[in-house]
Amino acid sequence: MSFWLLIVTLPVAVALFTAVLTDFPVQREAVRRFAERHGFVVTADNGARIADYLATVRRWRSAGLAAALTAYTIVDVRNNRLSVSVTFLLAGWFAGAVIAEAQLAALPPGRPGAGLTPRTAARYLPAAQRYALPAVILAFAALAAAGGAPSGRLAALSAAVAVVAALVALTVRRILLRPQPVAAAGALAADEAIRSRSLHAVTAAGTTLVAYCAADLLLRAVAGRSADLALLLIPLVAIGVPWWGWRHGTARPRPA
Amino acid sequence: MVGLAPRNRPATTGMIVAVDPDSTVPPYDQIREQLTTMIQAGVLAAGVRLPSIRQLAADLGLAPNTVARSYRELESAGLIVTRVGRGTTVSQLPTLPAAERQRLLRAAAESYLATAARLGSTVDEAIAALRPGA
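Protein chains in written order, with this note's numbering: chain E, 198 to 453; chain G, 9 to 142.
Don't take each hint at face value.
One-sided excerpt, in silico: chain G residues whose CB lies under 8 Å from chain E [claimed, not checked]:
1. Met-23
2. Ala-26
3. Arg-62
4. Asp-67
Please keep in mind that the hints were generated in silico from the structure rather than gathered at the bench. These figures come from a predicted structure and were not determined experimentally. C-beta: ideal position from N, C-alpha, C; glycine also.
Chain E extracted, bound-state conformation (with noise of 0.2 Å):
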């Protein structure tokens, strides 16, 4: 087969997978699974709001993941090799999760009315959680200091890095700032726990892939000395952030 015959059907064969994957409705276990996680019941008031979620944010974080696994497949056929890369399969993820975020209806006008409760990241957020992005960010920027690795990498990661972060940011705003007009109170307990899974996962992806970039310098950076220290901290980024973050996807919002 060409390369540009594979360019032209191997992104509509798998979008076209894609879709049929993820087309079929929201088992109303899932839903009961997610009200139960973050500790509400399962209304009239929600049930379909719940679903529409699940079904949303499936349906383009799987597009996100299959895109970045078909563009990654294209680049290395080109090179005539073939293998998988962890960090462009999650930054597909991570894009899918925040063009769901854009996708995702405000809950329906109810009583022409507002809550006083400030919608704060604090409120959905542990402090740890807050705080992993920024930390991980200045890892990265002291590694970068450091030296180490070839300027057109640093140049790369850095761009990566910055629009990660600026993602992450927008997105985090665009949750915490979708209306939220008085309602019945399943369906507020519902947006709540929508908000509060939508602000961990995208926090907890964007954190991870900047602890990647800043993996991949730490290692460029001690290689030859003690490769073994960096091959043991990036499967413990790499496997701790997400972990840590489902941990704690199931915490509900603070009391105001």
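Here the structure of chain E is known, so what remains is to put chain G in place on it, guided by the hints.
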């Protein structure tokens, strides 16, 4: 399930401001009036953090400038205070001198008794209605 410790801060849970789009009173004045009442009645205690202008505007479906005007007027009246990085919080209301407090209370009582008389209630009924749970 992972629970998070509640912050040691006065609550705003369940409190609502509503805007009537058909009212002749401008939306910024409706918001200002409701927040003033809540603050003066002590429902919104000193130190309570209010939502940001953008959040309240988004939730009410209004332009941010409308909510900003309400907040500006509340700030001019000394009811709220906005600090960079700390958001908008309810101010500590100044304690009135005893004589002034008595005067305002008497005026409010006279107005209440006039309403009770208009409704045909006796003084005892009016006093009983003041008790919590009446």
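These are the hints, each one checked on the structure:
1. Met-23: For Met-23(G), the interface hint holds, since the closest Cβ of chain E sits about 4 Å away, which is under 8 Å.
2. Ala-26: The hint holds - Ala-26(G) has a Cβ within 8 Å of chain E, the shortest such distance being about 4 Å.
3. Arg-62: 6 Å, holds
4. Asp-67: OK, holds: Asp-67(G) within 8 Å of chain E, min 3 Å.
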